[in-house]
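Residue numbers (my numbering), protein chains in the order written: chain A, 2 to 465; chain B, 51 to 112.
Worth flagging that the hints you see were computed from the coordinates, not collected in a lab. Any given hint might turn out to be false.
Claimed, not checked - The calculated lysine to aspartate or glutamate pairs, modelled on EDC-like cross-linking and capped at a C-alpha distance of 20 Å, are:
{"id": "1", "chain 1": "A", "residue 1": "K272", "chain 2": "A", "residue 2": "D308"}
{"id": "2", "chain 1": "A", "residue 1": "K330", "chain 2": "B", "residue 2": "D91"}
{"id": "3", "chain 1": "A", "residue 1": "K96", "chain 2": "B", "residue 2": "E69"}
{"id": "4", "chain 1": "A", "residue 1": "K330", "chain 2": "B", "residue 2": "E68"}
{"id": "5", "chain 1": "B", "residue 1": "K65", "chain 2": "A", "residue 2": "D335"}
{"id": "6", "chain 1": "A", "residue 1": "K272", "chain 2": "A", "residue 2": "E300"}
{"id": "7", "chain 1": "A", "residue 1": "K460", "chain 2": "A", "residue 2": "E4"}
{"id": "8", "chain 1": "A", "residue 1": "K330", "chain 2": "A", "residue 2": "E342"}
{"id": "9", "chain 1": "A", "residue 1": "K330", "chain 2": "B", "residue 2": "E75"}
{"id": "10", "chain 1": "A", "residue 1": "K366", "chain 2": "B", "residue 2": "D91"}
{"id": "11", "chain 1": "A", "residue 1": "K96", "chain 2": "A", "residue 2": "D386"}
{"id": "12", "chain 1": "B", "residue 1": "K65", "chain 2": "A", "residue 2": "E326"}
{"id": "13", "chain 1": "A", "residue 1": "K21", "chain 2": "A", "residue 2": "E63"}
{"id": "14", "chain 1": "B", "residue 1": "K90", "chain 2": "A", "residue 2": "D308"}
{"id": "15", "chain 1": "B", "residue 1": "K65", "chain 2": "A", "residue 2": "E342"}
{"id": "16", "chain 1": "A", "residue 1": "K366", "chain 2": "B", "residue 2": "E69"}
{"id": "17", "chain 1": "A", "residue 1": "K55", "chain 2": "A", "residue 2": "E36"}
{"id": "18", "chain 1": "A", "residue 1": "K330", "chain 2": "B", "residue 2": "E97"}
{"id": "19", "chain 1": "B", "residue 1": "K65", "chain 2": "B", "residue 2": "E75"}
{"id": "20", "chain 1": "A", "residue 1": "K330", "chain 2": "B", "residue 2": "D64"}
To be verified - Here are the computed distance ranges between Cβ atoms for each label pair:
{"id": "21", "chain 1": "B", "residue 1": "A82", "chain 2": "A", "residue 2": "E12", "range": "50 to 58 Å"}
{"id": "22", "chain 1": "A", "residue 1": "A331", "chain 2": "B", "residue 2": "A82", "range": "20 to 28 Å"}
{"id": "23", "chain 1": "B", "residue 1": "T52", "chain 2": "A", "residue 2": "K460", "range": "50 to 58 Å"}
{"id": "24", "chain 1": "A", "residue 1": "R70", "chain 2": "B", "residue 2": "T52", "range": "38 to 46 Å"}
{"id": "25", "chain 1": "A", "residue 1": "D150", "chain 2": "B", "residue 2": "A86", "range": "33 to 41 Å"}
{"id": "26", "chain 1": "B", "residue 1": "T52", "chain 2": "A", "residue 2": "R332", "range": "23 to 31 Å"}
{"id": "27", "chain 1": "B", "residue 1": "K65", "chain 2": "A", "residue 2": "P50", "range": "34 to 42 Å"}
We treat Cβ as the ideally placed atom computed from N, Cα and C, and that holds for glycine.
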Amino acid sequence: MSELAFLTLAEAGALIRAKKLSPVEYATALLARIERHDPTYNAFINVTPDIALKEARAAEAEIAAGRWRGPFHGIPYALKDIVDATGLPTTGHSKILIDNIARSDAVVTQKLRAAGGVLLGKLSTHEFAVGGPSFDLPWPPARNPWNRDHFPGGSSSGSGAGLAAGFFPAAIGTDTGGSIRNPASMCGIVGFKPTYGLVSRRGVLPLSFSLDHIGPMTRTVRDNALMLQVIAGHDADDPASADVGVPDYTADLERGVQGLKIGVIRHFYAKDVEADPEQIAALDNAAALLGKQGAVISEITLPALTDFSACGQIILAAESYAAHEPWLKARPQDYGARGRERLLAGAALSAAHYVQATRWRLILKQQALEAFKGIDVAITASSMDPACRIDDNAALATNYWRQARMPFNVTGQPGLVIPAGFARTGLPLSIQIVGHPFGEATCYRVAQAYESATAWTMKHPVLA
Amino acid sequence: MTTARELARAAGLDKLTEEHLAQLERAAANMARLVARLPKDLPAVAEPAHIYQAAPAKERGR
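If we strip away everything but chain A, and leave its shape as in the complex, we get (with noise of 0.2 Å):
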């Protein structure tokens, strides 16, 4: 059971096409899991066997019948909840959505059923990707499998965390002030922010239109690779949405780092925000590890990690209240009580605040680029911090500050968290590499050469 729970998707992939595996055993054993755990982990807001054994039996014949579509044929994923499936509920975690059924597949979904994945069901997040851990809601909030006394990271919790607990290989979350990476981070396992506008926001839930991305989070960089080329491309119907090719993101991953240049931004989580020690030093032996595999480290400054997340969420208040105004003002006792609080945030900004936050971000990003230039891909942090209790208010409030993701959600490029070992407590540690703007398969060929270095992708946590 746990040698099918922990299979790689890569892995999976290769025996569902050879036949060694079949996609109904493969869904059947890890609906059992789910069945058996999930309500320990709360990584699921619904579970949907009815669906995945359809889509299963419907892989294995095609399969069978020589029609193999691709690695993800026959491969188990879950979507957070803010992303739509036609028939199901798109709840957002809310009460506020607790009805709303979603009449066609977001972009996304449209992708992953098109190369063949089977859909477990639908993952918990934040409520609408922005306020949480939340005991307030219709649904509890997931927890961290490595200790479910602590957070998953979030907004994409669900997602991190059936991960990390052998739930399924592949999940989509969405990442627009580091929901993603944070859970990545939380739950050990490997998330990516890619390019804004490379992946299709149309059929997701917006929080913040200029900051949201959608992205893939695995357990492997391969398997992240392997989903990214799935979900990546053009399209016409999201403005915006890159008209970019998309490369072969698995084409250069065994390539390793000699000769690559790699800028470290230590100031982000040595200076302007100081990490845990543990945290410093996991990223300081990264660099280490790929300066001795022939990369060329060298130090690169930014901006202040300050004034990212204060641009950033300066923006982020004000497109997520003009999204949310209408609920906010016929309905706040619906939203639980971090969501509201969230989102009333921005009430209190003036159309002058948001349009000096726009101007300031260019600028912003005008110097990120610039601090790029002569560089590769960089690495930093993620979280500053292993993950705290999920009912340490305290620590979850600093949550939000104490991260160097927003950075890169403000300027549209490219981030990728992967696990970077484990605190002493036994909670993971992480770090984060980020790309020029559509750099993802350089960000994936560094990633591949650390995670092959290191194996922390390998280690999992035993359930409760």
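Got chain A sorted already, so can you dock chain B onto it with the hints?
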């Protein structure tokens, strides 16, 4: 100093309870700290990050 109640009234947030108003007050204080960090010396010509375009790039200039 605008109170949370005045802020709510101006925004048309008429259904906020006392608990919600306390939340709005905290949220507004947090936003004020962020707004204070906005640069005061932006060049007059500095554009916003997203610029309205009347037509897609490929259709402009026809």
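Sort out which numbered hints this structure fails and list those numbers smallest first.
Per hint list: 2, 11, 16, 18, 24 violated.
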